[in-house]
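Enquirer: With the hints as extra help, turn the sequences into a complete structure.
Number of protein chains: 4
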Amino acid sequence: MTKHILLMDGPDAKGLIFNVTKVLYDNACNIISQDEYVSPDGQFIMRTEFEGEESLNTQKVLNDLRGLIPSEAINLRINPKKKKDVVILATKEHHCLAELLIRYNFDELDANILAVVSNYNTLQPFVSKFSIPFHYVTHEHKTREEHEEAILRTLEIYQPEYLVLAKYMRVLTPSFVAHYANRIVNIHHSFLPAFIGASPYKQAYDRGVKIIGATAHFVNNNLDEGPIIAQSVKDVDHNYSAADMAREGKDVEKMVLSQALKLVFNDRVFIHGNRTVIL
Amino acid sequence: MTKHILLMDGPDAKGLIFNVTKVLYDNACNIISQDEYVSPDGQFIMRTEFEGEESLNTQKVLNDLRGLIPSEAINLRINPKKKKDVVILATKEHHCLAELLIRYNFDELDANILAVVSNYNTLQPFVSKFSIPFHYVTHEHKTREEHEEAILRTLEIYQPEYLVLAKYMRVLTPSFVAHYANRIVNIHHSFLPAFIGASPYKQAYDRGVKIIGATAHFVNNNLDEGPIIAQSVKDVDHNYSAADMAREGKDVEKMVLSQALKLVFNDRVFIHGNRTVIL
Amino acid sequence: MTKHILLMDGPDAKGLIFNVTKVLYDNACNIISQDEYVSPDGQFIMRTEFEGEESLNTQKVLNDLRGLIPSEAINLRINPKKKKDVVILATKEHHCLAELLIRYNFDELDANILAVVSNYNTLQPFVSKFSIPFHYVTHEHKTREEHEEAILRTLEIYQPEYLVLAKYMRVLTPSFVAHYANRIVNIHHSFLPAFIGASPYKQAYDRGVKIIGATAHFVNNNLDEGPIIAQSVKDVDHNYSAADMAREGKDVEKMVLSQALKLVFNDRVFIHGNRTVIL
Amino acid sequence: MTKHILLMDGPDAKGLIFNVTKVLYDNACNIISQDEYVSPDGQFIMRTEFEGEESLNTQKVLNDLRGLIPSEAINLRINPKKKKDVVILATKEHHCLAELLIRYNFDELDANILAVVSNYNTLQPFVSKFSIPFHYVTHEHKTREEHEEAILRTLEIYQPEYLVLAKYMRVLTPSFVAHYANRIVNIHHSFLPAFIGASPYKQAYDRGVKIIGATAHFVNNNLDEGPIIAQSVKDVDHNYSAADMAREGKDVEKMVLSQALKLVFNDRVFIHGNRTVIL
Numbered sequence: 062m063t064k065h066i067l068l069m070d071g072p073d074a075k076g077l078i079f080n081v082t083k084v085l086y087d088n089a090c091n092i093i094s095q096d097e098y099v100s101p102d103g104q105f106i107m108r109t110e111f112e113g114e115e116s117l118n119t120q121k122v123l124n125d126l127r128g129l130i131p132s133e134a135i136n137l138r139i140n141p142k143k144k145k146d147v148v149i150l151a152t153k154e155h156h157c158l159a160e161l162l163i164r165y166n167f168d169e170l171d172a173n174i175l176a177v178v179s180n181y182n183t184l185q186p187f188v189s190k191f192s193i194p195f196h197y198v199t200h201e202h203k204t205r206e207e208h209e210e211a212i213l214r215t216l217e218i219y220q221p222e223y224l225v226l227a228k229y230m231r232v233l234t235p236s237f238v239a240h241y242a243n244r245i246v247n248i249h250h251s252f253l254p255a256f257i258g259a260s261p262y263k264q265a266y267d268r269g270v271k272i273i274g275a276t277a278h279f280v281n282n283n284l285d286e287g288p289i290i291a292q293s294v295k296d297v298d299h300n301y302s303a304a305d306m307a308r309e310g311k312d313v314e315k316m317v318l319s320q321a322l323k324l325v326f327n328d329r330v331f332i333h334g335n336r337t338v339i340l
Numbered sequence: 062m063t064k065h066i067l068l069m070d071g072p073d074a075k076g077l078i079f080n081v082t083k084v085l086y087d088n089a090c091n092i093i094s095q096d097e098y099v100s101p102d103g104q105f106i107m108r109t110e111f112e113g114e115e116s117l118n119t120q121k122v123l124n125d126l127r128g129l130i131p132s133e134a135i136n137l138r139i140n141p142k143k144k145k146d147v148v149i150l151a152t153k154e155h156h157c158l159a160e161l162l163i164r165y166n167f168d169e170l171d172a173n174i175l176a177v178v179s180n181y182n183t184l185q186p187f188v189s190k191f192s193i194p195f196h197y198v199t200h201e202h203k204t205r206e207e208h209e210e211a212i213l214r215t216l217e218i219y220q221p222e223y224l225v226l227a228k229y230m231r232v233l234t235p236s237f238v239a240h241y242a243n244r245i246v247n248i249h250h251s252f253l254p255a256f257i258g259a260s261p262y263k264q265a266y267d268r269g270v271k272i273i274g275a276t277a278h279f280v281n282n283n284l285d286e287g288p289i290i291a292q293s294v295k296d297v298d299h300n301y302s303a304a305d306m307a308r309e310g311k312d313v314e315k316m317v318l319s320q321a322l323k324l325v326f327n328d329r330v331f332i333h334g335n336r337t338v339i340l
Numbered sequence: 062m063t064k065h066i067l068l069m070d071g072p073d074a075k076g077l078i079f080n081v082t083k084v085l086y087d088n089a090c091n092i093i094s095q096d097e098y099v100s101p102d103g104q105f106i107m108r109t110e111f112e113g114e115e116s117l118n119t120q121k122v123l124n125d126l127r128g129l130i131p132s133e134a135i136n137l138r139i140n141p142k143k144k145k146d147v148v149i150l151a152t153k154e155h156h157c158l159a160e161l162l163i164r165y166n167f168d169e170l171d172a173n174i175l176a177v178v179s180n181y182n183t184l185q186p187f188v189s190k191f192s193i194p195f196h197y198v199t200h201e202h203k204t205r206e207e208h209e210e211a212i213l214r215t216l217e218i219y220q221p222e223y224l225v226l227a228k229y230m231r232v233l234t235p236s237f238v239a240h241y242a243n244r245i246v247n248i249h250h251s252f253l254p255a256f257i258g259a260s261p262y263k264q265a266y267d268r269g270v271k272i273i274g275a276t277a278h279f280v281n282n283n284l285d286e287g288p289i290i291a292q293s294v295k296d297v298d299h300n301y302s303a304a305d306m307a308r309e310g311k312d313v314e315k316m317v318l319s320q321a322l323k324l325v326f327n328d329r330v331f332i333h334g335n336r337t338v339i340l
Numbered sequence: 062m063t064k065h066i067l068l069m070d071g072p073d074a075k076g077l078i079f080n081v082t083k084v085l086y087d088n089a090c091n092i093i094s095q096d097e098y099v100s101p102d103g104q105f106i107m108r109t110e111f112e113g114e115e116s117l118n119t120q121k122v123l124n125d126l127r128g129l130i131p132s133e134a135i136n137l138r139i140n141p142k143k144k145k146d147v148v149i150l151a152t153k154e155h156h157c158l159a160e161l162l163i164r165y166n167f168d169e170l171d172a173n174i175l176a177v178v179s180n181y182n183t184l185q186p187f188v189s190k191f192s193i194p195f196h197y198v199t200h201e202h203k204t205r206e207e208h209e210e211a212i213l214r215t216l217e218i219y220q221p222e223y224l225v226l227a228k229y230m231r232v233l234t235p236s237f238v239a240h241y242a243n244r245i246v247n248i249h250h251s252f253l254p255a256f257i258g259a260s261p262y263k264q265a266y267d268r269g270v271k272i273i274g275a276t277a278h279f280v281n282n283n284l285d286e287g288p289i290i291a292q293s294v295k296d297v298d299h300n301y302s303a304a305d306m307a308r309e310g311k312d313v314e315k316m317v318l319s320q321a322l323k324l325v326f327n328d329r330v331f332i333h334g335n336r337t338v339i340l
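Protein chains in written order, with the numbering used here: chain X, 62 to 340; chain H, 62 to 340; chain B, 62 to 340; chain Z, 62 to 340.
These aren't lab readings, by the way, just hints derived from the structure by calculation. C-beta atoms are modelled at their ideal positions from N, C-alpha and C, and glycine is treated no differently. Do not rely on the hints blindly, as some may be mistaken.
Claimed, not checked - Taking lysine-lysine pairs in the DSS-like style, the calculated list, with each CA pair at most 27 angstroms apart, reads:
no. : chain 1 : residue 1 : chain 2 : residue 2
1   : H       : K311      : X       : K295
2   : X       : K75       : H       : K75
3   : Z       : K153      : Z       : K295
4   : B       : K83       : Z       : K75
5   : H       : K295      : H       : K311
6   : Z       : K144      : X       : K190
7   : Z       : K121      : Z       : K83
8   : H       : K121      : H       : K75
9   : Z       : K143      : X       : K311
10  : H       : K153      : B       : K190
11  : B       : K121      : Z       : K75
12  : X       : K64       : Z       : K311
13  : B       : K311      : H       : K143
14  : B       : K83       : Z       : K64
15  : X       : K75       : H       : K64
16  : X       : K323      : Z       : K263
17  : X       : K64       : Z       : K263
18  : H       : K83       : X       : K64
To be verified - Distance ranges between label pairs, derived from CB positions:
no. : chain 1 : residue 1 : chain 2 : residue 2 : range
19  : B       : F167      : X       : I257      : 42 to 48 angstroms
20  : B       : D305      : H       : P235      : 37 to 43 angstroms
21  : B       : Q220      : Z       : D73       : 39 to 45 angstroms
22  : Z       : N140      : B       : D305      : 52 to 58 angstroms
Expert: The structure is reproduced here in structure tokens:
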């Protein structure tokens with residue numbers, strides 16, 4: 062038996078689950094697990110893991126499904142590509158990048174890191190240890206648009222499915238984001254929506270919070286406002302300076318980014334409006 | 062539309078999910094959520110929430126299901142009783158009992174507390190505030206068997222579906238447990254299986270742990286070894302004496318017991334071997 | 062030997078700790094624990110627990126200290142009153158109030174609850190179980206000022222040292238707050254500074270957060286912006302409606318409020334600017 | 062001004078804190094922070110951070126302290142070496158080792174990693190990226206004693222102050238441990254004392270726990286029973302196989318080991334009996 066994954070989302074309708082289970086049953090498949098979610102505004106989202114004979118024709122399964130669920134508003138996908146092609150954008154901080162490179166190096170990332178792009182060359186020596194192309198694309202003497210153009214040209218070489226902003230410290234324009242709609246994952250160093258924007262740990266210190274956090278989210282046109290994938294926190298106290306928070310926060314950041322990417326790369330994250338549904 | 066719950070568990074077989082979704086579809090029902098689990102040793106467990114017409118005959122649904130799933134090894138239940146009838150056993154400590162009485166008082170417990178039984182009368186004045194019968198069944202001058210007999214006679218008045226041991230500090234005999242197999246929930250004041258038995262906080266202190274915990278579990282014949290429902294923890298440090306741990310641990314205990322009972326009373330907890338499956 | 066507590070805060074200066082330890086040594090006292098904090102802007106804060114002979118004259122210790130530390134900018138207090146006198150303000154929700162009443166009932170609160178004041182009479186039957194005066198001070202047909210005047214008149218009967226807002230759902234005016242500067246503790250049902258203001262769980266749902274929280278803080282003139290005492294969080298996912306978050310959040314709220322009050326009532330919380338220092 | 066650290070532990074006696082503050086005051090030093098702990102059985106432990114003039118003679122400070130505190134039972138140390146010399150022992154798993162190498166590479170470890178020693182050569186290619194000597198000391202065809210002898214000979218080259226067992230999967234003999242008494246830190250992949258010994262995740266799965274954990278501890282002669290430095294946990298549910306727990310547990314292990322080492326290398330961890338005191 063071979064394992065397959067079926068992803069499905071679109072407007073809710075009667076019989077969707079029944080039709081899926083019927084097609085799988087008729088194709089001699091066995092459901093291993095099935096998770097679904099229906100949003101209050103009527104979006105149906107389902108993720109099904111099933112086993113079929115070695116000889117199973119998944120295109121036929123898809124056709125059978127489409128026969129019973131003709132609405133084109135409903136997306137149906139079987140067996141999305143396993144290892145996503147990814148380019149990482151970074152600036153000077155290493156902790157998130159290093160975490161991802163280590164996982165990639167030991168085949169634990171569920172993704173191929175095709176390249177690292179940075180507006181500084183600080184991290185080049187480190188990245189070179191892992192035999193991954195490093196592109197230094199400085200923003201100096203460039204307008205924001207020129208800089209993004211230069212990055213986009215670099216990305217075109219690799220055609221990544223996802224961009225990961227591993228502490229990439231520049232705001233992206235809507236035009237840039239549009240090239241990778243719903244395919245850019247960022248790690249923000251605060252418990253969003255608290256402390257949007259620059260220097261969140263400084264903001265956190267000034268506010269005297271007792272917990273700091275980090276948020277992995279998709280990037281949309283509004284800074285730090287895209288759909289949240291994962292969040293995590295850590296207790297702090299009055300002894301923490303803003304610098305202490307920043308240093309300790311790095312561990313939270315790298316772990317929550319890894320956790321979010323694991324979910325995204327395993328096709329467990331669906332975007333619905335400004336929220337994520339994780340199945 | 063009316064909401065219903067279908068619970069199902071037994072040996073896994075082909076087509077179980079399909080047959081359920083088919084029956085629900087044929088009865089014009091709409092699945093709201095469906096969670097299932099198949100254990101490595103082949104136990105199928107499923108919890109389905111669905112909506113049907115006001116006129117839906119759930120007995121017919123059950124009959125239809127039984128028609129397609131004839132194996133008697135598979136349990137099928139629709140709409141288990143909503144408010145479980147419960148008796149609480151306590152000793153002298155109030156924190157878990159009070160938490161449950163407060164929730165019951167404000168109709169947040171998903172259960173009817175029929176009575177409180179205790180081997181001390183310490184908590185009688187408190188329980189009386191809530192107009193709940195309090196039975197003082199002392200263990201003094203009684204053998205263990207005589208004491209349990211006395212408790213059983215008291216329980217017979219109430220015919221509870223579940224017993225909750227809210228810091229009831231006496232070990233129950235297998236004979237007693239057999240009367241309420243899989244229907245006794247205990248709170249143990251340690252992160253099981255660490256610190257089984259008496260004085261777990263003293264044990265925790267002696268071992269120098271940096272985290273303490275509490276465990277809510279079903280009671281079976283081996284002390285502190287029944288299926289675990291919920292666990293929770295709290296950081297401690299070298300400044301905590303065993304007494305400090307005991308005091309601070311009470312908050313963990315009462316919250317984890319409440320959380321476990323919420324799951325149990327909402328028919329979300331299935332027992333399989335020595336493990337719980339929570340859907 | 063008798064245990065004593067010395068609290069001290071003011072502008073940092075050379076020899077403060079030395080002078081304190083010298084006076085205690087000269088008075089044959091033994092330091093049990095001593096915690097101090099110096100803020101980046103030079104505020105010195107220290108909490109010392111020490112033991113002395115039964116015959117120790119703490120007024121003499123205070124005089125000795127004042128002799129060596131003459132600056133009036135430095136506050137020195139020995140043995141603040143143990144059980145603080147407290148009035149609780151509530152509205153309709155019971156969970157925080159009940160948690161405090163239970164702890165008070167079993168002598169675990171480190172405070173005397175003198176009365177409960179509410180702008181609704183919903184909780185009166187519950188409060189009456191605990192033989193605590195309940196004052197129903199409706200806001201209907203009153204201006205905000207008139208309503209606060211009525212509450213202040215009620216408070217005057219009790220002369221509380223602290224007010225606890227146990228889900229009191231009305232904004233207090235600066236004039237009211239000034240009567241109890243740094244002596245009002247509020248529980249806000251969000252992880253401040255996220256979701257300031259009304260309906261934080263609705264805001265949290267709309268933002269699609271994966272963690273909700275609660276914040277206990279002192280009240281100052283800006284709504285939800287006073288010094289934070291304690292915060293706590295809970296994981297949520299896409300299945301949580303705003304109502305689910307509100308319901309589950311109650312457990313976080315009541316526990317974090319209890320935790321904060323324990324610190325405040327044990328004289329462990331110092332306010333410095335908009336931050337708390339907890340020793 | 063220069064910052065210094067004073068460490069002190071031994072039997073409690075009257076005036077210890079006073080004498081320290083007096084010496085520091087007399088030497089024109091300013092205490093930045095001072096934490097102390099007195100155990101129930103009378104062990105006094107204190108960590109003091111203080112500032113002194115550039116010209117401060119710390120040997121004189123030590124002499125002055127010794128003059129006032131003559132008991133040789135009391136250890137006094139000023140300014141322990143900042144970067145500890147460390148050798149890491151590993152087997153085949155990379156996650157803890159990689160975490161430490163990354164931190165070392167970016168100068169965030171508070172230690173010098175002098176070498177990695179492993180009973181397998183699996184991790185050699187990875188370690189070589191960081192220009193750190195890798196010693197493959199196989200246990201094959203050797204008695205336990207012969208193997209440990211071979212490791213000890215390798216360690217003699219480096220004279221490390223601490224050994225870190227980064228998932229080193231062999232039990233050490235008392236004779237080996239005696240060479241590095243209180244200087245070996247191990248990461249155990251369970252929430253000790255639960256699941257001592259082999260295959261703790263398999264044990265955790267079989268017991269049906271809802272939380273898994275990891276424990277960093279000093280190694281003494283009894284397997285998994287040395288003083289605990291740090292512990293951390295992660296929620297799991299019935300969907301986790303033992304293999305899932307092992308995979309997810311790795312993140313907990315590497316973070317808790319890093320956290321423990323940070324404390325140890327910063328001279329914040331004192332051992333008293335079978336417990337640690339962390340100041």
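Enquirer: State the violated hints by number, sorted upward, taking the hints as numbered earlier in the document.
Expert: No numbers; nothing is violated.
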